[in-house]
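Using the sequences provided together with the hints, build the complete structure.
Taken in sequence, the protein lines are chains A and B.
Counting in numbering that gives the first Met the number 0, the first sequence runs from 0 upward without gaps.
Counting in numbering that gives the first Met the number 0, the second sequence runs from 0 upward without gaps.
Rather than coming from a laboratory, the hints here were simulated on the basis of the structure.
One or more of the hints may lead you astray.
One copy or two, it doesn't matter: identical chains are merged, so the pair holds either way.
What the hints assert, rightly or not - Restricting the straight-line Cα-Cα distance to at most 35 Å, the calculated cross-link-like pairs of lysine-lysine (DSBU-like) are:
# : residue 1 : residue 2
1 : K219      : K260
2 : K82       : K226
3 : K277      : K198
4 : K6        : K205
Number of protein chains: 2
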Amino acid sequence: MAFTLTKEFLEELKFLVESRDTGRLQEFLAELHPTDLAEIIDQLNREQAAYILTSLNEEISAEVVTFLDEETREKFMELLSAKEIAEVIDNLDSDDAADIISELPEEKQREVLSEIEDYEQAKDIADLLNYDEESAGGLMAKELVKVNLNSSLIQCVREIRKQAEEIDDLFAVYVVDDRDVLLGLLPIKNLLLAPSHAKLDDIIVKDELVSVNVSEKGEKVAEIMRKYDLVVLPVVDGLGRLMGRITIDDVVDVMQEEAEKDYQLASGISEDVDSDDKIWILSRARLPWMIIGLLGGIVGSRVIALYESELQIHPEMAYFMTLIAAMGGNAGVQSSAIVVQGLAGGAIAGNLLRRLTKEFSVALIGGFVCAAILLGYSLIFTDSFSLSITVAISLISVIVLASILGTFIPLMLDRFKIDPALATGPFITTSNDIIGLFVYFSIGRLLYGVF
Amino acid sequence: MAFTLTKEFLEELKFLVESRDTGRLQEFLAELHPTDLAEIIDQLNREQAAYILTSLNEEISAEVVTFLDEETREKFMELLSAKEIAEVIDNLDSDDAADIISELPEEKQREVLSEIEDYEQAKDIADLLNYDEESAGGLMAKELVKVNLNSSLIQCVREIRKQAEEIDDLFAVYVVDDRDVLLGLLPIKNLLLAPSHAKLDDIIVKDELVSVNVSEKGEKVAEIMRKYDLVVLPVVDGLGRLMGRITIDDVVDVMQEEAEKDYQLASGISEDVDSDDKIWILSRARLPWMIIGLLGGIVGSRVIALYESELQIHPEMAYFMTLIAAMGGNAGVQSSAIVVQGLAGGAIAGNLLRRLTKEFSVALIGGFVCAAILLGYSLIFTDSFSLSITVAISLISVIVLASILGTFIPLMLDRFKIDPALATGPFITTSNDIIGLFVYFSIGRLLYGVF
Chain A
0 MAFTLTKEFL EELKFLVESR DTGRLQEFLA ELHPTDLAEI IDQLNREQAA YILTSLNEEI
60 SAEVVTFLDE ETREKFMELL SAKEIAEVID NLDSDDAADI ISELPEEKQR EVLSEIEDYE
120 QAKDIADLLN YDEESAGGLM AKELVKVNLN SSLIQCVREI RKQAEEIDDL FAVYVVDDRD
180 VLLGLLPIKN LLLAPSHAKL DDIIVKDELV SVNVSEKGEK VAEIMRKYDL VVLPVVDGLG
240 RLMGRITIDD VVDVMQEEAE KDYQLASGIS EDVDSDDKIW ILSRARLPWM IIGLLGGIVG
300 SRVIALYESE LQIHPEMAYF MTLIAAMGGN AGVQSSAIVV QGLAGGAIAG NLLRRLTKEF
360 SVALIGGFVC AAILLGYSLI FTDSFSLSIT VAISLISVIV LASILGTFIP LMLDRFKIDP
420 ALATGPFITT SNDIIGLFVY FSIGRLLYGV F
Chain B
0 MAFTLTKEFL EELKFLVESR DTGRLQEFLA ELHPTDLAEI IDQLNREQAA YILTSLNEEI
60 SAEVVTFLDE ETREKFMELL SAKEIAEVID NLDSDDAADI ISELPEEKQR EVLSEIEDYE
120 QAKDIADLLN YDEESAGGLM AKELVKVNLN SSLIQCVREI RKQAEEIDDL FAVYVVDDRD
180 VLLGLLPIKN LLLAPSHAKL DDIIVKDELV SVNVSEKGEK VAEIMRKYDL VVLPVVDGLG
240 RLMGRITIDD VVDVMQEEAE KDYQLASGIS EDVDSDDKIW ILSRARLPWM IIGLLGGIVG
300 SRVIALYESE LQIHPEMAYF MTLIAAMGGN AGVQSSAIVV QGLAGGAIAG NLLRRLTKEF
360 SVALIGGFVC AAILLGYSLI FTDSFSLSIT VAISLISVIV LASILGTFIP LMLDRFKIDP
420 ALATGPFITT SNDIIGLFVY FSIGRLLYGV F
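Here you go:
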């Protein structure tokens, strides 16, 4: 069952750590999953964390290390020599090992690599360190089970048994030719169900086999695995040779980060922060968009100053300034959010003109409904017909303009390979504030007194 | 390799469909994955879709149906009799089958269930239809491979072979007692590596086994599978009896929907829409928050009207109204986004007072930096010292107030079991607009002329 960390549990644990009672500590933690152990250790200070990690069985301890917060892990690694780190690494899959090593300073990376006893493992890790962290190569593990197409089923089973010892989970067996080119996939189910005289070629999957190139982007990998409902995805090089495999658990993390990034951009947070981060990290993540918003606000204040004469003649125009600006912001954010999500899901089809026409229609409907409500309110509760008409027409114009910009800008950014999510949130809100004020006062100057 | 749908491909396909050339059509589509076929068929009209689906091999056609857009599938199902639907369903896993049947009108659901030839399958589906779609029971499939703890390894392998025919992917074998209570998990790897005389009890995983109750919420299931890096998760009832299994591909969809929902709420969109949806659906999703924003704006206009006398004496106060309101909105959205993400990740620990104190500090830093910039600008470019001081002090107050509210409101909503994401986006922006205006004018009334 899933474990929930309680205050009492943490206090008892701290007591056991302080009293250096390794035997009882091991017993206390015996039934916990490495993920849960990591969650607990994240709550402790460096010395307590190190004491627990060294008390645990070596293999479990190594796995726990992969689940720790980056911050906790960094602190723990600082306490260890290159040799000790190498011992931890030796117990890990190549992808987790490479992830951990890549967090070390470069000098220490080389030291650790040279201390790893298993040369194959060291080579695999060194290979993986060459790939961009965000690419298929950076996500894959080197450990996999593969057999040659020409093997008999008996050889094949023998081979699988030998290779399976090295990996955690056996999801599939890959079938390659003499040059290591990926030809197909042998599902475990087919292996179990095949009669012993079956030929390998008859029980493997070839047509539906999906693979990715080692340089493919992480986002694309996630999209493919989601689309094809894959649990594991083989990675090949330019010649089609099998380089590694990506498992879904690593991709789930990529997907989560993607989603969080979009959400944070929409909310005006410029780096990946957590509510438990330190005050200055949180401030650093928030200040950039705050300052952009501020500069936008200052430009807005210049626009208002520009129309000071209007405000002096018709001071009641000031009542609806904030409303018009805010509604432009709201409509723009809605439009851009729909485009950004469409782009992320790969679902933006059709040409630009059709999309803008559609957006124009949706905005027009929204604009008319809002303008009607506002006009009704304003006719009843304010005594200026001119003001009511000006506000209503401005509202429609601003909503339409903001929606079209909100659609257009992310599409353009995407065409120029810039993350379209940048265009959502404070950026759209702020620019639409300014545009909204312009439109409002221009329409005011034109219409006021005409009605 | 992953398939990309091109215009040319679609045109050739339509041509083949129009010419009713089944042989060449089958050849043309032969190497495509069911997911890709579904993507293609989603682009066609009802008659074209039905023609292709009936031309395909029965098993593939059934799988394609599960990947179709709900809308396309609905249209296709309308063309079929209950008997024909039952034939499609017969080829599917129980969870996919239940999902499809649940989309039919109730009358037709019963008809289809009675037409399913395999009684076991019909029973499984009927069982699954009883669970809430958003629960573990609604996500699970009934198909799984289980063996009794008392079996010998040979019996076990025989049993697995028999049961494996029914399922698509074999990830794990569950071990149960005579009452079907889940005791452990036999990883395929252990099965392959075990010597033939091994006892089942010695090669199964017991301690680290994670399972969920059938009534657990889908979000919680996703959280557990992500946390423990699981590919498949067993589902048990109140007595610990094995009811089914949930595979990661279904949970990835839940995670995606969760993330999209939060993003849409933050962007002021009230239902799950797609950029390709019809104009009135898009309008319906956008209008609620637009109207809430509008009402907020109207309240804001009343606040401004309340302080009309201030504006008449100091008309230059109008310059910074929009800026103050917008900055309050920005800061509030940032704070609530961090809390909402923390709550979603289960990472909000510590007491409320500490969190609010921290938020207060972060807001104070942001407020001071922004106020300093604004003060500098205002001292240089405007000639009223009183205005500059009023605006700077208002800005700090509004940012701090908005941040604290942005933290407090989602935490409160969460405590009352309301989705905290509701508090982000337009709601926070709008209420902070109003609060910002109040603060600005109150401070203006107090300070103006003092300096």
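Treating 35 Å as the Cα threshold, decide for K219 and K260: within, between, both or neither. both (16 Å within a copy, 21 Å between copies)
Classify it for me, K277 with K198: is the Cα-Cα distance of at most 35 Å met within a copy, between copies, both or neither? The answer is neither: 60 Å in one copy and 52 Å across copies each exceed 35 Å.
35 Å Cα threshold - placement of K205 relative to K6: Intra 53 Å, inter 26 Å, cutoff 35 Å: inter-copy only.
Within a copy, between copies, both or neither: where do K82 and K226 come within 35 Å Cα-Cα? between (42 Å within a copy, 30 Å between copies)
Of the numbered hints listed earlier, the single one contradicted by the structure is hint 3.
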